[in-house]
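Protein sequences, first through last, are from chains G and A.
When the letters of the first sequence are read in order and numbered with the working numbering, they come out as residues 1 to 109.
When the letters of the second sequence are read in order and numbered with the working numbering, they come out as residues 1001 to 1140.
Among these hints, one or two may not hold up.
One side only, chain A facing chain G, incomplete, derived with CB under 7 Å [unchecked claim]:
1) V1008
2) I1009
3) E1032
4) A1084
5) I1109
6) A1111
7) M1113
8) P1114
Simulated coverage check for chain G against chain A, where a stretch passes if three residues somewhere in it have a Cβ under 8 Å from a Cβ of chain A [unchecked claim]:
9) 11 to 17
10) 26 to 39
11) 60 to 66
12) 71 to 78
13) 86 to 95
It is worth saying that the hints were derived from the structure and are not from the lab.
Ideal placement from N, C-alpha and C gives every residue a C-beta, glycine not left out.
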Amino acid sequence: MRALAELAYWEVLFLLMALAASVGLQLFTGQINTHGLFHGRRGDGSQYFSPERVQLLLFTMGAAFQFLASVLHDPSKFPVVPDSWIYLLGGSHVVFLGGKAGAAFWGKS
Amino acid sequence: MLSLLELVIGYLVCGVVGLFALAILWLILKGEINLDLLISEKTGEASMSRFQLLIFTFVIGLSFFLIVVANSGLHAGGTAQGGALPNVPGGVLALLGISASSYTVSKAIQANMPAKPGAENPTAPPNPPAPNQLAPTGQR
């Protein structure tokens, strides 16, 4: 039974890592389209550089790294996510959505 | 007898899942599963809401796997808990919920954007043709 568990472990680990590597590699080589990732579009069709997207990416990467580090530190259970994180990330998303809605409905070039 | 049956079924399931995994990875490698527009909108521009959802999905998925392995006691340092699935605390659900809700609201904003003449992105790649449009009629 232990051999079966080992097989399942390596199989899932290989699949997860290969998928992540495949997506990561294609992102870095530009095969997955990242054109306009930091740009928004106003209601009149014009594009603009969007700081709210940059801050969302920074908060997301920070929260993701912190979460993964907590799991690697103690993999016996999911880490307790402090309320402050949730407020910060929620606030970051509200800023992003607010900026997007503002530009879409009221933005002028 | 029962434990032998369990073992056989276990290996069968492992084999089938492994074959599916290899098939998916092979098709990605060959380009038949096309990831080019994985985080793109219909307009051809990359979407931050899709990208952050992708990041969180990978992170939570990998964390879940690591925790299940640690609880199974398979490797040294693990705390054997009979391989039970871990409890997912509310904070983790809130993180995923924020991410997914943001994606949904972002789509709603985009769908309700006022359409202006000439507002379409001229550099956007065209949508891929449907399979029935690839070959001229009568050649299939």
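Against the structure, the hints:
For V1008 of chain A, the shortest C-beta to C-beta distance to chain G is roughly 10 Å, which exceeds 7 Å, and the interface hint is violated. The criterion of a C-beta within 7 Å of any C-beta in chain G is not met by I1009 of chain A, whose closest approach is roughly 10 Å, and the hint is violated. Interface hint status for E1032 of chain A: violated, as the beta-carbon distance to the closest one in chain G is roughly 13 Å, over 7 Å. About 11 Å separates the beta-carbon of A1084 of chain A from the nearest beta-carbon of chain G, more than 7 Å, and the hint is not met.
For I1109 of chain A, the interface hint holds, since its Cβ comes within 7 Å of a Cβ in chain G; the closest pair sits about 5 Å apart. Violation of the interface hint for A1111 of chain A is found here, the shortest Cβ-Cβ separation to chain G being roughly 10 Å, above the 7 Å cut-off. Hint on M1113 of chain A holds. Least Cβ distance to chain G is approximately 5 Å, under the 7 Å limit. Taking 7 Å as the C-beta contact cut-off toward chain G, the hint placing P1114 of chain A at the interface holds, the least distance being around 5 Å.
With 6 residues having a Cβ less than 8 Å from any Cβ of chain A, the stretch 11 to 17 of chain G passes the three-residue criterion, so the hint holds. Remark: the stretch 26 to 39 of chain G is confirmed as covered by chain A, as 10 of its residues place a Cβ nearer than 8 Å to a Cβ of that chain, reaching the required three. Counting residues of the stretch 60 to 66 of chain G whose beta carbon lies closer than 8 Å to any beta carbon of chain A gives 4, which reaches the threshold of three, so the coverage claim holds. Restraint check on the stretch 71 to 78 of chain G versus chain A: 6 residues with Cβ-Cβ distances below 8 Å, three needed, restraint holds.
Using a Cβ-Cβ cut-off of 8 Å, 4 residues of the stretch 86 to 95 of chain G lie near chain A, which meets the minimum of three, so the contact claim holds.
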